[in-house]
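A.B. asks: These protein sequence lines are chains H and A, in that order. Take 1 as the starting number for the first sequence in my numbering and just add one per residue. Take 1 as the starting number for the second sequence in my numbering and just add one per residue.
Please keep in mind that the hints were generated in silico from the structure rather than gathered at the bench. Treat each hint with caution, since some may be false.
If chains are identical, the list can't say which one is meant, so a pair holds when it fits in one copy or spans any two.
Here are the simulated BS3-like cross-link-like pairs (lysine-lysine), alpha carbons at most 30 Å apart as the crow flies [stated by the list, open to error]: (1) Lys-106 with Lys-253; (2) Lys-106 with Lys-235; (3) Lys-33 with Lys-235; (4) Lys-235 with Lys-48; (5) Lys-253 with Lys-235; (6) Lys-33 with Lys-48; (7) Lys-253 with Lys-48.
Number of protein chains: 2
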Amino acid sequence: MQATTSPVTQFAASWLPEIDRTLAEAIGNGEPKELYEAMHYAALGPGKRMRPLLAIASCQAAGGAPDAALPVAAALEMAHAFSLVHDDLPCMDDDDMRRGRPTVHKAFGEAVALLAGDALMAGACAYLARFDQPWAAPAVAELAGSVADGMIPGQVLDMIWEGHPDEADLDRLHSLKTGRLIVAACRMGGLAAGASRPVLEALAHYGAHVGLAFQIADDILDAQEPGGSDEIKNKATYPGRFGLDGARDLAAKQIHLATAALSRIPAPLKAAEGGTLDVLEAIARYAIERDH
Amino acid sequence: MQATTSPVTQFAASWLPEIDRTLAEAIGNGEPKELYEAMHYAALGPGKRMRPLLAIASCQAAGGAPDAALPVAAALEMAHAFSLVHDDLPCMDDDDMRRGRPTVHKAFGEAVALLAGDALMAGACAYLARFDQPWAAPAVAELAGSVADGMIPGQVLDMIWEGHPDEADLDRLHSLKTGRLIVAACRMGGLAAGASRPVLEALAHYGAHVGLAFQIADDILDAQEPGGSDEIKNKATYPGRFGLDGARDLAAKQIHLATAALSRIPAPLKAAEGGTLDVLEAIARYAIERDH
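With the sequences and hints as input, model every part of the structure.
C.D. replies: Put into structure tokens, the structure is as follows:
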């Protein structure tokens, strides 16, 4: 059980209103109403906002003012929402419910869901590109690149997977499918802080390992659901391949590697904002300690 | 009938190989093979490459070296291909064939088609954003903005349209649905040339009118198909609303307005590259003179 006073829940509680305000602004409102309602429904529903939080914490860790990361935070959540809307479509996972609500295509119809997803992704890129800031183009390259070269190839790879994957196969699959966007979140937070290349690299390594830890922990939580352990064996998951205890060991290894990556962020930055690296460390631990 | 020696067919013939070479490079090749094959199939099949040609001609008209527009040309065709792949999906127009070949979802399955479309759009933004050029972020803003704020709202508007549209309704619908990407093509060509704001504005006006002319001409060509005229009456089309002759007059009006917009491009630019505005003028005429 996660205590409500953990550093991560405190950090999340203090930032969620600003993240959601920026997100609503980034999506905007226009005609036709159906489209914008579907986009808001998809992006502003219940959720952990983990990618925005990682971007803000990474910006702080790189010595930036945390609200400098709000634009990239909003764009990251739009890209994440896009991926969920398209994942849920009948031709993909065909899910009727997500986080206790009807999925977007159940609530708005398939065509509007498809197009709302498209508009969220294109809109995220347009929103970032319009900032007259040195980070604008690099942030778009990170975000759109993590989708085109990471998430999407990872999803196709997952669909066509055959045979028994080993640890390296699973790491590669999930690094693409979910990891690249988490790496992008950390790097984009760094970009918003004007971070140097070595700091961006350290944040990227941190993100890669935290991303895998989240994925392994998600797999473990799924496997613990009633009937989950049977189903999980037929999919390319860590518990399916290594058992629950084996998967827990692998998650702990990733957290160790994530924390080690943070040690490469230069000392002056660590000192400057007193305790800001603590948030990234706490998020790493939270990845495997959470119960949902 | 279009003579094979018209300035437009000559211009197209001279640029198509370079456009397709850049396009193939922008899409790239990677794993899984299925995904990249679907993207190449979608973007590099038969087609007029009208948006890339408009970008190159606009770049020339703004005094730029025409091959400076090749990156934006490739990104425009990727965005166009994305829109066609998603349009053809069963939840949208449910088309089995396009330009004499099976549509992407018929050839590769629905899930891969959805994801290939997603990867083409995100990939186009990432590709542009990675150029270390002053036009990189503005070009992404144009391209992604034309999709998020133009094409997609226009498609939803078209889907939910009810009642009898007047000329202003039709212009508004098509300016969003197909016009904004054509405006983006002209502006992005101008951006690649480092054009001033007044030149970009003139190119945008030209593009808006050419876009409508193309749309009206497409509607007329559809209406002339066997059985087309009956079907067209039930849709929000120009011939359905104004008859074939009325639609032809409206197209001629748009071409006149497009040509007038070009007159606002400063004289030195017109003179500098001898005859480069001729191509934009010829494309405007070609919009309504072509037979396919």
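A.B. asks: Taking the hints in turn, state whether each one holds.
C.D. replies: Here's how the hints hold up against the structure:
Proximity of Lys-106 and Lys-253 under a CA criterion of 30 Å is satisfied in neither setting, with 39 Å inside one chain copy and 44 Å between copies. When the C-alpha separation of Lys-106 and Lys-235 is checked against a cutoff of 30 Å, the pair qualifies both within a copy, at 26 Å, and between copies, at 27 Å. With identical chains, the CA atoms of Lys-33 and Lys-235 are at most 30 Å apart between copies only, with a shortest distance of 21 Å across copies and 39 Å within one. In the homo-oligomer, the alpha carbons of Lys-235 and Lys-48 lie at most 30 Å apart inside one protomer (25 Å), although the nearest pairing across protomers, at 44 Å, exceeds that limit.
Taking CA atoms no more than 30 Å apart as the test, Lys-253 paired with Lys-235 passes inside one copy only; the shortest distance there is 22 Å, against 60 Å between copies. Proximity of Lys-33 and Lys-48 under a CA criterion of 30 Å is satisfied intra-copy only: 26 Å inside one chain copy versus 34 Å between copies. Taking the shortest Cα distances, Lys-253 and Lys-48 sit within 30 Å of each other inside one copy (23 Å), while across copies they are farther apart (53 Å).
In this structure, only the earlier hint numbered 1 is contradicted, and the remaining ones agree with it.
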